[in-house]
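Mind docking chains B and C on chain A? Use the hints.
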Amino acid sequence: MESFSLLLQGLSTAMEPMILLYALIGVTLGTAVGVLPGIGPALTVALLLPVTYGLDPAGSLIMFAGIYYGGMYGGSTTSILLNTPGESASIVTAIEGNQMARQGRGGPALATAAIGSFVAGLIATLLLAFLAPQVVKLALTLGPREYFALMMLAFVTVSATFGDSALRGLTSLFIGLALACVGIDGLTGAARLTYGVPQLMDGIETTTLAVALFAIGEALAVAAMLDPPDGMHRVKGSVKMTREDWRRSWKAWLRGTFIGFPIGSMPAGGADVASFLSYAAERKLAKHPEEFGHGAIEGVAGPEAANNAAAAGTLVPLLTLGLPTTATAAIMLAGFQQFGLQPGPLLFVMNAELVWGLIASLLIANVMLVVLNLPLIGLWIKLLSIPRPWLYGGILLFATLGTIGVNPSPVELGMLILFGVMGYGMRLYGYPVAPVVVGLILGPMAEQQLRRALAIAQGDWTTLISTPVSAVLLGISAVFLVVPMIMRLRGRGQVLSQVAGDAD
Amino acid sequence: MKHTILGVAFAAALAVPAFAQDYTIMAPANPGGGWDGTARAMQEVMQAEGIAPSVEVINVPGAGGTVGLAQFVADSAGDPTKLIVGGYVMVGAILTNASPVTLEDVTPIARLTGDTEAIVVPAASEIQTLEQLVEKLKADPGSVSWAGGSAGGTDHILVGLLAKAAGVDPTKINYVAFSGGGEAMAAILGNQVTAGVSSVGEFQEQVKAGTMRLLAVSSADRLEGIDAPTIKESGFDVVVQNWRMVAAAPGLSDEQKAKIAGDIEKLNASAGWTKMLADKGWANTYLAGDAFMTQLDADIAATDTVLRDIGLVK
Amino acid sequence: MSEGFPSERRPRWAAFLIAAVLAGLAVMILTDAAGLKQDGGYAGVGPADVPRLIAYGLLVLAALTVVSGLKGDLPKPPRQAPAPVLWIMGGLVGQLALLHVAGFVVSGAILFGMTARGFGQKPLWRNLLVGFALAFVIYGVFDRLLKLNLPGGPIELLIFRG
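Residue numbers (the numbering used here), protein chains in the order written: chain A, 1 to 504; chain B, 1 to 314; chain C, 1 to 162.
Chain A on its own, in the form it takes in the complex:
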C-alpha cells in the first residue's frame, strides 16, 4: 500500500505543466531519432542522454524516460512503411507491417503498433512497479540450460513460420547461423572464420546485417523493378483502425505483453527474442493463418506489444539487481548514475522516492508517446508520398549513418554493401531475409548457453532436461518440430503452401 501512495505522489509531481513539457520533448526527440533507419534504441539513448544533463532531477528523469520509450517505439515506423527496420526487435514487425503498408493499410498498421506499444508499456510498467522483486526471483532460477531450451523453442517456432517454403526459410536461417560463427568464440577465445581481420573478431554486427538485408536489399529490389505495381503504398481508406482491426488486435497486444515482459526480465532474454516468439504465437493462434505473410494485423500488434513490454521488462533486472542485460540497458545504467540512483537489491528500499519517480515518469512518458504518435500517423504516412528517388536516397543515407557513426571502418561498410547485395539476391528468388537475422541473433545464444550448461554439469548431457522448466520447454519444441512434419506427410502441407502464395 505504501508503494501505491509513493507512486501517486510521483505521478502528481509529474503532472506539473513544465514536467509534462519535458516528457513531451523527451518523447519527441526519442521518436525522431529512433525513427531513423539504422539508428537503434541503444544509439538513440546514448546520443540523447546528454540532452538531459543540466535539468533539475525531476525534469531530466522524465525526459530520460521519454527518450527511452520514444527510441524503443521509433523503430517500428520505418519497419512498417519502408520495410527497413533499424534494429533487431522490429524485424518481425516489418514482415506483416510492410505487407499492410503495401496494401495501403499503413495507417492501421502504425496505429496498432502505437496503441499496442502503449497498452504493453502501461501493463509492463505496472508489473515492473509492483512485481519486480518477485519476477526477478523467478528469472534468477533460470540458468544456461533453461536458456538453451528457450532458444530451441524460439528456433523451432520461428523457423516453422517464416516464409512459404520450408526449404528456403531453413536455408535463410542456416545462412544466418553460418554468419553467427564469425568472430571470437565467447567461451574459449578461439577466433573463428576471422581470417586475421581484426574487425571480424567481434562477429557480425546485428544492426549492420539487418540494415543491409532490409534497407539496402529493399532499395535495390525496388529500384530494379521494371514495372512497379501501380499504386503500391498508396493509402487506401482510413488511416484509422477499423472495428475489425481492433477486434483482431487487442488479444494480440495482451499476448505480446505477457510474452514480452517475462522474456525481457530474463537476464539472457531480450526484446528481439520476445518479438520472435510473439510473432510465432500469433501465427499459430490465428484464425486465418493464410493471411500471415500478406499483412495480418496480429503480426504487427503482437510483436510490437512484445518488444515494448520487453523494454520495460529489461528494467526489472536493471533496477533490482543492477544487471544491464542489453546495450540499451547498459547506457541506461550510466544515465541512472547521474541521478544518484544506484541500481541493486537495495534500490527499492534506499531510493524509494527516486524509483517511484522513475516509474511515474515511465507511465507519463508512455502516455505522451501515444498522444504524440497517434496524430502523427497521418504525417508519417505522407513519407510515402515523397518521390521515390528522394525517399530511397534518404533511406540509404540514414541507413549508412548508423553504421558510420558507430564504427566507420571500411570493413563494416564493405559488409553493409555485401549483405545488401545478398538481400537483393534473396528477394529475387523468394528467400525470406528475416530468418537470416534471427539465425545471427539466436545462434550464438543457443551455442553459448548449451556449452555453459554442459561445462557447469561437466559434460553431462542429461543436465539439459534435469529441471522442469528446461524439460518442458524442450518437450514443447520437440512437439512443434514433429507435428508439422506429420501434417505435411498427410498432405496438408501442400494445401498450406498453395494458399501461402508468393510473399517475399
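Honestly, I wouldn't trust all of these hints.
Stated by the list, open to error - On the chain B side, residues computed to face chain A include the following (Cβ under 10 Å):
#: 1; residue: Ala63
#: 2; residue: Ser150
#: 3; residue: Gly153
#: 4; residue: Leu312
None of these hints come from the bench; they were simulated from the model.
Heads up, the beta-carbon is just placed ideally off N, CA and C, and yes, glycines get one too.
Then chains B and C, alone, in the frame of chain A:
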C-alpha cells in the same frame, strides 16, 4: 527549426578559444562499458575544469580494444591531440588475439583508475572462506565452476593465477565465460555456478543485501569499508588490479608528451575528477612516468605467463 | 510462368548456383573448423563443433536445393533492370571509398545522388546538390549537436571548425 539547430552548431563550433589544446579521446569499446565510461568522465571533467576547451569521444569497438588500438596507431601517429583509453583487459586481448599492434606502439601517459577484483559465492553455498573454495578446487578442479567475463579477460586471469598459486593445473579450471557482467552475475545469484569473479563494485550491492558472500578481494591490502580478506592474506600470492589508463599517439616530441602528461596530471588533481571517481565508485590509482612504465612492463610479462599457463596463448 | 523456354530455364541454373554458394560456405566453415584447437574443456563441446553442425546442415540444404532446381520449383524472378542496381551500388562503393578522404558530407552526397539517379531522377548534378544539403544538415545535427562522431573531410573542417 533546422536553421536554429545549425545556428547553435555553428556558434558552438566558433566559440572554441585558441589557447588550450583540444583532445579527441578514443574509447576502443562500445558505449556503456568501462573504457567508454572512463573516456566520457575525462571528457566531462576536462571541459568543466577548463583543462581543454573541447574534448570529443569516439568509440571504436572490437576485439578487446585491439581494433581501436590498431586504428589509433595508424591514424594518429604524431598527433598530440589524440588520446586513447585502455587497460588491463587490453593487455590480455593483445596477447590472445595475437594483435600486430601492441602497447609498445603508443605512448602510455598514466594509469588513472582501477577496480579490485573479488571472488564471491552464492549466499546459499556451503563455502564460507576462500580456503574452503580452494580445497574443493584442489580435490576436483572440474567441480568448481567459475562465472566471469570473457575468456582471457581479467576475471579469467585471476582464476588462473589463483589455481597456479594453489598448486592446481591452470588448464584444468572450469571457467565459464559469460558475455557482459549482467549474465555472469545472474548465474551467481541463481546459484548456477560454484563461484564468481568480477570487480568489487559490481558485487558490492549484492553483498550488502546478503545475496552473495564475498570471500576475498584481489588488492594488495584490505579495502576500506569492505569486510573481506585479500587473496594474499589467505595464503595465495595473487594481486590483480583491473586498471584503466590513458595513452597518447606514437611519434610525439618530448614537449608534446610533457604537455599531455601535464594536462592529465591537472585532470587527476582536479576536484571535479575526485568527485567523478567518487560518484562512479572508481578508485584513484593514478600512476605516471617511469613508475607507470615499470608497472606496465611487469603486468604484461605476468599476463603473458598466466595466459600461457591457462592455454589461451601458445 | 508462361514466358517460354529461357524463363523456365533460369531458376534452375540459379538453384544450382545457390546450392554451390551454400556448399562453398559449408566448405569454408569446415576448413576453418579443422584449424581450431579442439578443446571442449569440461563441456565436451568445443569451438569447432557447432560450426561443423551448421556446415553439415548447409550441405544438406545445398543438396535439397539442387533437387528443387531439377524439379524447377524456385520462384521465377520478375524481369530486372540492371542499370538502377549499378547506380546504387556505385553510390555505396563511392561512399565507402571516399568516406575517409572527402568526409561524410561529400560521400553522403554521392550516395544520395547516385541512388536518386538509380531511381530515375535526373539530372545527376541536382541530385548531388540535394544530397549535399541533406548530408550537411545530418552532419550538423548528429556530429556537432549530438556528438556522434562522423568522419570529417576538408569541407567539414572548413565550415564547422573555422
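Consistency of the hints with the structure:
no. : hint   : verdict
1   : Ala63  : holds, 4 Å
2   : Ser150 : holds, 7 Å
3   : Gly153 : holds, 9 Å
4   : Leu312 : holds, 6 Å
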